[in-house]
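Protein chains: 2
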Amino acid sequence: MVITDDREIDRAPLQREAETELDEDDRLKPAFVRDVIDLAEAGEVEAARERVGRLHPADIADLFELVSDEDRPLLAHVLGDMLSPDVLAEMNEHVRERLIDLLAPEQVAEIASELDTDDAVAIIEDMEEDEQQAVLQAMEPEDRAAIEDALSYPEETAGRLMQREYVAVPEHVTVGDVIDRLREDIDLATDFWEIFIVDPMHRPVGTCQLSWILRAPRSVAISDAMKREQTLIPVDMDQEEVALRFQKYALISAAVVDKAGRLVGMITVDDVVHIIQEEAGEDILRLSGAGDGDINEPIAMTIRTRLSWLVVNLGTAMLAASVVGFFEGAIAKFALLAVLMPIVSGMGGNAGTQTLAVTVRAIATNQLTASNTLRMIFREFRIATVNGLSLGVLIGTGTSLIFGNPLLGAVIASAMLINNLVAGLAGILVPVTLDRFDVDPAVSSAVFVTTLTDIMGFFSFLGLAVLSGLTAMG
Amino acid sequence: MVITDDREIDRAPLQREAETELDEDDRLKPAFVRDVIDLAEAGEVEAARERVGRLHPADIADLFELVSDEDRPLLAHVLGDMLSPDVLAEMNEHVRERLIDLLAPEQVAEIASELDTDDAVAIIEDMEEDEQQAVLQAMEPEDRAAIEDALSYPEETAGRLMQREYVAVPEHVTVGDVIDRLREDIDLATDFWEIFIVDPMHRPVGTCQLSWILRAPRSVAISDAMKREQTLIPVDMDQEEVALRFQKYALISAAVVDKAGRLVGMITVDDVVHIIQEEAGEDILRLSGAGDGDINEPIAMTIRTRLSWLVVNLGTAMLAASVVGFFEGAIAKFALLAVLMPIVSGMGGNAGTQTLAVTVRAIATNQLTASNTLRMIFREFRIATVNGLSLGVLIGTGTSLIFGNPLLGAVIASAMLINNLVAGLAGILVPVTLDRFDVDPAVSSAVFVTTLTDIMGFFSFLGLAVLSGLTAMG
Numbered sequence: 001m002v003i004t005d006d007r008e009i010d011r012a013p014l015q016r017e018a019e020t021e022l023d024e025d026d027r028l029k030p031a032f033v034r035d036v037i038d039l040a041e042a043g044e045v046e047a048a049r050e051r052v053g054r055l056h057p058a059d060i061a062d063l064f065e066l067v068s069d070e071d072r073p074l075l076a077h078v079l080g081d082m083l084s085p086d087v088l089a090e091m092n093e094h095v096r097e098r099l100i101d102l103l104a105p106e107q108v109a110e111i112a113s114e115l116d117t118d119d120a121v122a123i124i125e126d127m128e129e130d131e132q133q134a135v136l137q138a139m140e141p142e143d144r145a146a147i148e149d150a151l152s153y154p155e156e157t158a159g160r161l162m163q164r165e166y167v168a169v170p171e172h173v174t175v176g177d178v179i180d181r182l183r184e185d186i187d188l189a190t191d192f193w194e195i196f197i198v199d200p201m202h203r204p205v206g207t208c209q210l211s212w213i214l215r216a217p218r219s220v221a222i223s224d225a226m227k228r229e230q231t232l233i234p235v236d237m238d239q240e241e242v243a244l245r246f247q248k249y250a251l252i253s254a255a256v257v258d259k260a261g262r263l264v265g266m267i268t269v270d271d272v273v274h275i276i277q278e279e280a281g282e283d284i285l286r287l288s289g290a291g292d293g294d295i296n297e298p299i300a301m302t303i304r305t306r307l308s309w310l311v312v313n314l315g316t317a318m319l320a321a322s323v324v325g326f327f328e329g330a331i332a333k334f335a336l337l338a339v340l341m342p343i344v345s346g347m348g349g350n351a352g353t354q355t356l357a358v359t360v361r362a363i364a365t366n367q368l369t370a371s372n373t374l375r376m377i378f379r380e381f382r383i384a385t386v387n388g389l390s391l392g393v394l395i396g397t398g399t400s401l402i403f404g405n406p407l408l409g410a411v412i413a414s415a416m417l418i419n420n421l422v423a424g425l426a427g428i429l430v431p432v433t434l435d436r437f438d439v440d441p442a443v444s445s446a447v448f449v450t451t452l453t454d455i456m457g458f459f460s461f462l463g464l465a466v467l468s469g470l471t472a473m474g
Numbered sequence: 001m002v003i004t005d006d007r008e009i010d011r012a013p014l015q016r017e018a019e020t021e022l023d024e025d026d027r028l029k030p031a032f033v034r035d036v037i038d039l040a041e042a043g044e045v046e047a048a049r050e051r052v053g054r055l056h057p058a059d060i061a062d063l064f065e066l067v068s069d070e071d072r073p074l075l076a077h078v079l080g081d082m083l084s085p086d087v088l089a090e091m092n093e094h095v096r097e098r099l100i101d102l103l104a105p106e107q108v109a110e111i112a113s114e115l116d117t118d119d120a121v122a123i124i125e126d127m128e129e130d131e132q133q134a135v136l137q138a139m140e141p142e143d144r145a146a147i148e149d150a151l152s153y154p155e156e157t158a159g160r161l162m163q164r165e166y167v168a169v170p171e172h173v174t175v176g177d178v179i180d181r182l183r184e185d186i187d188l189a190t191d192f193w194e195i196f197i198v199d200p201m202h203r204p205v206g207t208c209q210l211s212w213i214l215r216a217p218r219s220v221a222i223s224d225a226m227k228r229e230q231t232l233i234p235v236d237m238d239q240e241e242v243a244l245r246f247q248k249y250a251l252i253s254a255a256v257v258d259k260a261g262r263l264v265g266m267i268t269v270d271d272v273v274h275i276i277q278e279e280a281g282e283d284i285l286r287l288s289g290a291g292d293g294d295i296n297e298p299i300a301m302t303i304r305t306r307l308s309w310l311v312v313n314l315g316t317a318m319l320a321a322s323v324v325g326f327f328e329g330a331i332a333k334f335a336l337l338a339v340l341m342p343i344v345s346g347m348g349g350n351a352g353t354q355t356l357a358v359t360v361r362a363i364a365t366n367q368l369t370a371s372n373t374l375r376m377i378f379r380e381f382r383i384a385t386v387n388g389l390s391l392g393v394l395i396g397t398g399t400s401l402i403f404g405n406p407l408l409g410a411v412i413a414s415a416m417l418i419n420n421l422v423a424g425l426a427g428i429l430v431p432v433t434l435d436r437f438d439v440d441p442a443v444s445s446a447v448f449v450t451t452l453t454d455i456m457g458f459f460s461f462l463g464l465a466v467l468s469g470l471t472a473m474g
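Chains as they are written, first to last, in UniProt numbering: chain A, 1 to 474; chain B, 1 to 474.
All clues stand as given, with none of them false.
Which copy is meant is left open, so a pair is good if it fits within one copy or across any two.
Okay, derived cross-link-like pairs now, DSSO-like style, lysine-lysine, Cα gap no bigger than 27 Å in a straight line:
id	residue 1	residue 2
1	Lys248	Lys29
2	Lys259	Lys227
3	Lys259	Lys29
4	Lys259	Lys248
5	Lys248	Lys227
Simulated from the structure, these hints should not be mistaken for lab results.
This is chain A alone, in the form it adopts within the complex:
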């Protein structure tokens, strides 16, 4: 009963009333967002609180993200305790960081104490060193120890992600013992879906889903109801690997173990879902040089990230231009070459990007391994050949007819085929090679591939034009 009451206060009636504030895609309606801010600005605190009070914590977090930087402190002031630990845990990190800056260390400490370790760590890990210390000092020794322990693991590892709240029982107890213990332990506030069975050294020997406990007779030994095979997560495992493992084995929760194999924490699937989303979405942002691509990050940070990528690309664009410079004389004689050359380089870039996107995703999802790389390179080669020939015939025929110059048509057709082959091979070889050297292929591949397709596009087209004697005739 206690459990239920807690939850009813904690979570607003989601389905029945709040739904009217959400559009068909579960996003807060613009009119609602505007109304709340209008009420807040008009000083109608109670009315604003009443409207927001119906929302789920995740939607209150969204509300903060959707209003402007300037309105957030006012909204926080008006909502007061509705800006609960749960709401902060759901909030975008940049938005949260700026809100947390407004709070005293004691307030942050109180918020962190109410959260599971993993959520508390997420809030505290991004703070400045001295503020972090102030918050930790203001916490109860036990909570502080848990957070300090988590912070001792590198960022983005299982140690940061796990919660220290889990249920572990020794092998010799019965199902009845377990049920009795669960009923007695009132501190078990957090959600859990399976329990872990440990040996005297606290090493996991098995796991038991709650449904199996519910369905087994009380007298059965837990060691007979449990499953011995389980996926253990090393505490220093990278979060991306953790996410892939959860996905591959369809896990709901998993035990985290230290180097000695002792159970130190638990990771649940709801924490991993965010990571899967982030990691899968990251590739597109990295490939395009948009950094984290977070629309809530401070604009100066966004500009710095994007500009550095653009400057690198400016360098490679100048390199490609210097190839064109080599043929300046030929272009002066036959300016039509300058008109057509961007088609060859651009199409190579498009084809290269296709292969690159497919390869980067296949690497990220563990589908491309040493076992099938050679086969996939050959596959891309075949695709590039067919597409290069098709595009070459198209553009070659078109060029011959439009400009009445079959030789020009043959030159652009050949250049198109060559550049498609370069694009296809570079599109798979570059990321595979980078991955082999443990460089994230999503970050650096695009520069190499588009530089190659630009240079080879210009070089093959202009080079063939000169070799074929086109410019002599022009």
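Go by the hints and put chain B onto chain A.
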């Protein structure tokens, strides 16, 4: 006990032995894959089966994906019943489809009968109409009805994704009644994490996590232990929305309801995790015109998808080239323009792609809504201004110095700024507009944006060169 025994047969010892066959990223080691194929080809069936027998079903599925098309029928023959329903459910759809083609309808029917509805539907939905009918005819009437019901919902909706196996109890029972029922019902084969409480019309009125049932006294009414607020999934909801909802509200499972609000099924998070991964990864593939980007799809399908995208881009590239053609005379007089123009168009393309990637992700994750679109357009405008000015100064100064032509420097600097502004604005306006008209912004945005940056890059640079009198002097 029955439950446990089932599982021990079903799942191979994952942690202890199989781990030696996996590398540090949980991928099957190439040497292992080769060994299995070598054994199979040498006719050493028992040895091959013994090695594969230690793997988790998900890893056996991976094994099939990693070997070549030609080796898969042999492997299937050697493994026999190890190619279990669970293995097929985990397998890439294209690989599975070709394996299923080798089986008789009765065999497929038997496999489908052993799976949860959602997994069975995934296997059957991709078959040809007549084969599908043959399989359905071969199934037990009850299983067939469940599958036919699922197939009656559109693809990629909750109705296809849900399983019909769930636990629902009436409101008036006690926690003790629920536990007794769960113990008695031996048919409950599937994993479940919460139960649903329904009214006499079978409409969900609440949900109860198993941990709450375990911890509540037996005499408590289930309606006092349950949480009334729950997220209901309409049966026709798109799977992408289902995934976002699971993620937003950190759900483990959710009830699916029909139009009348009656409980018709359950979706669990492990089914949703795949969708989150797919949908997040899809954007990068669509933006680059690589279709589904599945490395296992038949190569003819891949070529068709990629080539049609390339042909569209060939059209836009010719459009951009025609802008250059307009300035052919200027280029003939001053060929250096042809050398420098790809820098302006290329950099615009890079900046546009950055904004595009960020916008497409923000739309897909529901972070960009009508509430903050205007603010985000202004944000992109500021970023484009700063980056355009920076790049303009860089390239302008460089050009002036290298070619000793300050006017040329000023022209390229201005063109660079203009094209960056075009790129930034197009990068956000195009996807936002497409989304407003319910067109997937990931599919079509890139063509518009790069066409715009190409055309505006050429036009602004060459146009300014002519206007400034550069070509008259050259």
